[in-house]
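Chemist: Residue-level listing of the chains:
2 protein chains.
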Amino acid sequence: MNYRFANRMNKIPRSFVREILKVTDDEDMISFAGGLPNPQSFPVEAIKDATSKVLTQDGDKVLQYSTTEGYHRLREYIAERYQGQGLEVGVEDILITNGSQQCLDLVGKVFLDRDDGVIMERPTYLAAIQAFGLYEPEFHPVPLLDDGVDLHALETTLKEEDVKLFYTVSSFQNPTGITYSTSKRKKVAELMGEYNTILVEDNPYGEIRFMGEDIAPIKSYLPDSILFGTFSKIVSPGMRMGWIVAPPEIMEKLITAKQASDLHSNYFTQRVVYQYLQDNDVDRHIQSIRKLYKLQRDQMVQSIRKYLPTGVKHTSPEGGMFLWVTLPEGVSAMELFQLAIEENVAFVPGETFYTEDPEINTMRLNFSNSNVEEIAEGIKRLGKAIEKLQAN
Amino acid sequence: MNYRFANRMNKIPRSFVREILKVTDDEDMISFAGGLPNPQSFPVEAIKDATSKVLTQDGDKVLQYSTTEGYHRLREYIAERYQGQGLEVGVEDILITNGSQQCLDLVGKVFLDRDDGVIMERPTYLAAIQAFGLYEPEFHPVPLLDDGVDLHALETTLKEEDVKLFYTVSSFQNPTGITYSTSKRKKVAELMGEYNTILVEDNPYGEIRFMGEDIAPIKSYLPDSILFGTFSKIVSPGMRMGWIVAPPEIMEKLITAKQASDLHSNYFTQRVVYQYLQDNDVDRHIQSIRKLYKLQRDQMVQSIRKYLPTGVKHTSPEGGMFLWVTLPEGVSAMELFQLAIEENVAFVPGETFYTEDPEINTMRLNFSNSNVEEIAEGIKRLGKAIEKLQAN
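Residue numbers (full-length UniProt numbering), protein chains in the order written: chain A, 1 to 392; chain B, 1 to 392.
A hint or two may mislead.
No distinction is drawn between identical chains; accordingly, a pair holds when it is met within one copy or between any pair of copies.
What the hints assert, rightly or not - In silico PhoX-like links for lysine-lysine, alpha-carbon gap of 25 Å or less:
id	residue 1	residue 2
1	313	184
2	291	61
3	61	294
4	48	159
5	184	291
6	291	306
7	61	48
8	306	11
9	380	294
10	53	253
11	159	291
12	186	159
Simulated from the structure, these hints should not be mistaken for lab results.
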């Protein structure tokens, strides 16, 4: 049979990260390539207790179909947590999703016709390019500076292009680790209102701050915007539990799209996660993750300074799971990747995080899923690979 | 802010079923409206054991990110089950999804550009209209006869229209309960090949046959086609575990779409379901569901014959969860619905299952989620409502 696929399938880049993960399965490999939380942080015993409890108390309901919006008490918990951070969010503003990746898909479905304008940070989260890409929009990249998006470039793009959405990872961005300053958050909120553009704020790492002060999401300055959250980094990514916060008119469309996409998110797991949150000191658990990742991040920063040549620049994130490295001008991270694999260390070449005109001398390093010894050794190996590349 | 949604959002019908389910939450209401399995059939204790086991043995991995394709051993189990039924299906032909509803979304994403032709059974599964509808195809309805699709109408449509997909629920169809005969299955397979059209065969109820002989899916006569399956009707719908079977070239696209949609299905639950399947006699469990539903189906058929006027026709399904009722010509099931609600009995008016020109005198009755006493009483109430309507 001769298959006739939809046009959109030609527009999506193959995930280089997915290809890399195949290479890095080797036991001797130290991998800074993935974006995995440290499994040491998973509350296995507490989840076991929570599961046993919900099945014992309410087994028949827990295994049955449920509502598209998600488990009411879980949504209530999330809303109250936001309220504690000063955000005005009610239970009806929250839709439970399959991790925040599904938030991207649902927002694309609800908003994007072919060729609609979407502003993306430059560089940006690869899987957002893929998720939105399937709705065939026109991407407008706007550069990131140390304290968030380049406001001048943002305003110019908003002025010159018809833009429906601006997608940002405002705290400890994937891939760069960059966080928007408070003043920049306020200014972005203003611009969105001025140019009638929907802000889509993805915040998977916000809770994983291990230095500095907590900063409120941009949504706190712009109630009429979309915010994504997830339990992937603080409870378990394998459970695929995320959520969207959105104002009523948008929420109605999102629910319709969610229903058509998969009826509702796994209700069994929603109940387990809620029970876990009820029965445990979640803030203490988050503190322990922060502590763990700070050690790993510090080790990576120190090792970079020790083992990589002086021409190499890097971000120093105050949270999250990633650090961004810029090699000297003209050096190709993709070429380095081949040599690094020979030294048994892996990373993701930065070019995969650009919608166009990639900066080929950049790379993303993950520090959450390696212990401090592995980090020191891995960066040392990376130093060797850079040396080899420069000797060529 | 003035919201600019995507065009596709205007094309999707609101789910009338969802609206109905709100009305039928009342305790006194006997509802034949939903499509829920009987919770009596949920293996609560066995799931509790399975969960405890996977978390104890492999907690760190069970809670971590996993592969887009799904848990390898679960896919192997599914493939082997098909092989036992004589289908040539390998592990690499299977992608784990969030229930079979997500199969619909992924197939829409991979195949459908705006105005592409899709043949739907008439009537058809409401949520398939919604899922495909978001990709803005042109629907071509083809009538169902007692033993499956009207072959003549199917061939005429294939000849006259450019059709990419034919969507069928080949066994115990939702909403009608109709099952394709073996000869019709073979003929459909031939026609698909002849007209280069992809068969999309949804088979959520195939295992729930309580009378007659098992019939192989159409896919067994047409390897180059797509088949959906689910654990919703035999283990738990709340867990949202389904799968797609597809040939390699299509599978590659489906995996790309799945990755963009939500990275992968809940890995924790995949492991739990697999453990459950390993440690229990699944066939015996399925037998007990068949037995339960047969009693309920028999009660419904008997009650219809006893309490509904002779002009009322109905299907007598050999499996599944639904039965289709046709009222005398000109009688509106939607009008009946209002009177039925007053009598505290609910159903779904048939018109919601048509892509166009609905037969307004039809209705869907679910028999899986009421016990035999409720079924007798509910159909009696329905009889009263029909009497009232005819007296008007």
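Chemist: Are the hints correct? Go through all of them and say.
Modeler: Hint check results:
no.: 1; hint: 313 x 184; in the structure: within (23 Å within a copy, 67 Å between copies)
no.: 2; hint: 291 x 61; in the structure: between (38 Å within a copy, 22 Å between copies)
no.: 3; hint: 61 x 294; in the structure: between (41 Å within a copy, 23 Å between copies)
no.: 4; hint: 48 x 159; in the structure: neither (53 Å within a copy, 57 Å between copies)
no.: 5; hint: 184 x 291; in the structure: neither (28 Å within a copy, 64 Å between copies)
no.: 6; hint: 291 x 306; in the structure: within (23 Å within a copy, 70 Å between copies)
no.: 7; hint: 61 x 48; in the structure: both (18 Å within a copy, 14 Å between copies)
no.: 8; hint: 306 x 11; in the structure: neither (41 Å within a copy, 59 Å between copies)
no.: 9; hint: 380 x 294; in the structure: within (20 Å within a copy, 68 Å between copies)
no.: 10; hint: 53 x 253; in the structure: neither (35 Å within a copy, 40 Å between copies)
no.: 11; hint: 159 x 291; in the structure: neither (43 Å within a copy, 66 Å between copies)
no.: 12; hint: 186 x 159; in the structure: within (19 Å within a copy, 59 Å between copies)
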